[in-house]
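**Q** Read off the chains here:
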Amino acid sequence: MNLTIEKQYLPSERYKKAITYVTILFLVVVGLSIYFNFDPWLFITDFHFLVDLLGEMTPPNFEVLWKKQKVFSSILQTISMAFLGTLIGGTIALGLAFFAAKNTTPHPAVRFFVRIFLSIERVIPNLVIILVFLISVGLGPFAGMLSIAVGTIGMFGKLFADAIEGADGDPIEAVYAVGASKLQVIRFGIIPQILPSFIANLFYAFDINLRAAIGLGVFGGAGIGFEIHMAMKLMRYKDALALIFFTIILICLFEKISDYLRKKTMGQDILK
Amino acid sequence: MIDVRNITKETREGVQILKGISFKVEKGEFVGILGPSGAGKSLTMRCLNGLTKPTTGEVVFTDNQNNAINITSCRGKELRLARQKIGVIFQGFNLVKRLSAIDNVMIGQLGNMNLFRSLFYGFTDREAMQALKVLEKVKVAHLAHRPVGSLSGGEMQRVAIARAMYQQPSIMLADEPIANLDPNNARKIMQLLKPLADEMPIVGVFHQPEIIQEFCTRIIAIKDGNIVRDGDNKITRSEMRDIYGAELSEIELNRTEHSAVSYQLSALGD
Amino acid sequence: MEYLIYRRKKTLNKVLVVAGVSFLAYWAAISCKVDLSIFWQGIPKGIEFIGFMFPPDWEALLEMIYPAIETVLLAFMSTIVGAILSFFFALAAASNVSPPWLRNFSRFLLATERSLPEIIILLLLISALGLGPFPGVIAMSIGCIGMLGRLFGDAMEEINPATLESIASVGARRWQVIRYGIIPQVLPSLIANTIFRFEVNIRLSVLLGAVGAGGIGYQLFYSFQVLEYQRATTAILVILILVFTSERLSKLLIKKIAPEAKLK
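Chains as they are written, first to last, in my numbering: chain R, 1 to 272; chain X, 1001 to 1270; chain V, 2001 to 2264.
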């Protein structure tokens, strides 16, 4: 048998192909860098700015955490924004999900419109939402909380709807079979099935929303995000670093708490 | 040639798995190792190419250029160079499924390649041709450019053998190479391995007594971490029962006898 | 009888949980300065405001194209740089490649990074380096590393060790095992996750742009600041198109290039 390797499989050809892709990518990145005035030399020349900043930021001034009353309340604000926003947003999302699911919607047209609404809502950036709320209810944590709620609806509306549609049909049929009304079917047939994943998603949403709350705080004038921004603007760098450290610890702490609570509720299955 | 000198292996908790294994295998021998599960067969095999270090004792490997290397004590570059000359095939084939057959074969010479070249350039066309020739020897050249994940078990094991052969080894090790194959393919694989014994020692762990009796020149039985039998390839039913105890069913014991008979018959036929 | 006690306990648990959550919600509401009257008043204000935002200022559309491209390119570049850096972080964070001390330290760094919202990172960098896309790219790349570093590291740890062992058995060195054993197996997952991260980065790029990184996020913010709300709507529409397109594109690319990959 005459053994040959087709050209396309030759290692040298494959190498040429790979190198071409890499080179194109490299040229694109280099081109973009030039376009953005993203001079890699800046890394070296301007690096000292970062070091300077770091110098000004250390040692972090942890006293600001308990001295300034405002800081303590803003920490609570951030947590509350995330908590309430998740709660309200999740509940509304669940409610809308029932209208968006094939097996629970009162009418296919309703389903259609709710689904479209959710799709659009998902795409609207958080930024826009918070700007609208800022104008409606003014600066402060209220606007932040509302926009987190709306964002949560967007994130989880579709997810919950899909979960409801995916619920096992047999238990649902069984409840119908004993003569229950539609609402009763939902209460006893569907909700028990989706409750675990609903709660798990709520915890997940809280994690995400906590970070979002910090970020949005910069815009909305509430919470730690705002404090950090202010501290940096006022060049109180030591305060800022302390706050940042605290933020990291806060997020890690809540992650652990979420994990713990989630394990506890999932294991016990206390809510039917 | 490989010389196993009284190796023992103790786990971290103090359980002794290997209690003193010694044997020597030369060119021309096809050694089949059998024994009940947990006896230490795979562990012994892993000591042969340094994947596991025995607690005491040593393994000395002499390559075709008569360099003696102490596998147990060498590390780093020395160990790699030694491993390059030891061909291994495994029960699970252990190929990189996403790569093509020919790529998998060419991996066999990584130990000899310049590091920089192998990382940034890859393989050369000449190496590819060599690999293709080896694939032809194991009759899977037509599958050279297919990802091995899409091949059948028998075909995958052939690619694994091709990779080992591509290393141009001085010894071949096989850890239950046919356990995942159907009897037909198993025999074909053994028929591929058998001729290699003329050029180098082959040491393999097998579970099928009839296969061992037909293809191997010497049978070593390991039970409870000790060698309980090291002799020629005619093994009797009572010996098998002693070695395996309750593990072997009556049917399998019968197979042992029958294959012993058929082997002798086929020997007569030659 | 025991069953009744069980049920009573369950109901008690249920009631406790609901009560606890309501209690927390009440205090959270106070902390958030929830004021229903403001809310009711706000609704007409909000609707009126949205009215101001329509119709979109179509003339401004042309001005938005350039910043939009900027935003996309920013996200693209950050994703590439971030992915490459993440790969190396992942090697350090995979237990089958890296010694335990390095692995644990890397995982700790990655987890810490994930706790830092990119906005904060950007604020830091802006204080040091000024406004513009430069700090934006750095902030987003660092943000990538937290997520992709962990995903890639997990993907590497899931590799069947037997395959890697067999490559080591032919005498290969560590980096050769990485190149021929690890990379081919995790590549689909790497590519899929990188494309997914690009989608995330587009949204981030918009958000960070508003804080000072430029691009269309800044256009949106600026429009609000100068009270040209219709211009803002145009910006919003462009943003919607960007986000939507990037989502579709990413799903398509993932299906095409790496269908077997597992995400998240």
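What the hints contain is simulated information worked out from the structure, not anything from laboratory work.
A portion of the hints provided could be inaccurate.
Simulated DEER-style distance windows between Cβ atoms [claimed, not checked]: (1) R:4 with V:2257: 25 to 33 Å; (2) R:120 with X:1153: 48 to 56 Å; (3) V:2101 with X:1153: 35 to 43 Å.
Only some residues are given here: those of chain X computed to face chain V with a beta carbon under 10 Å [stated by the list, open to error]: (4) 1043; (5) 1073; (6) 1077; (7) 1181.
The beta-carbon is built from N, C-alpha and C at its ideal position, and this holds for glycine as well.
**Q** It remains to establish, for every hint, whether it holds in the given structure.
**A** Right, here's what the structure says about each hint:
For the pair residue 4 of chain R and residue 2257 of chain V, the beta carbons lie near 30 Å from each other, so the given range of 25 to 33 Å is met. At about 52 Å, the CB distance of residue 120 of chain R to residue 1153 of chain X agrees with the hint of 48 to 56 Å. Taking the beta carbon of each, residue 2101 of chain V and residue 1153 of chain X are about 40 Å apart, inside 35 to 43 Å as hinted. Restraint check, residue 1043 of chain X versus chain V: the minimum CB separation of about 14 Å is more than 10 Å; hint violated.
Interface hint at residue 1073 of chain X: violated, since its Cβ lies 17 Å from the closest Cβ of chain V, which is beyond the 10 Å cut-off. Against a cut-off of 10 Å between C-beta atoms, the interface hint on residue 1077 of chain X holds, since the closest Cβ of chain V lies about 9 Å away. Annotation: interface hint on residue 1181 of chain X violated; nearest CB of chain V at approximately 17 Å, more than 10 Å.
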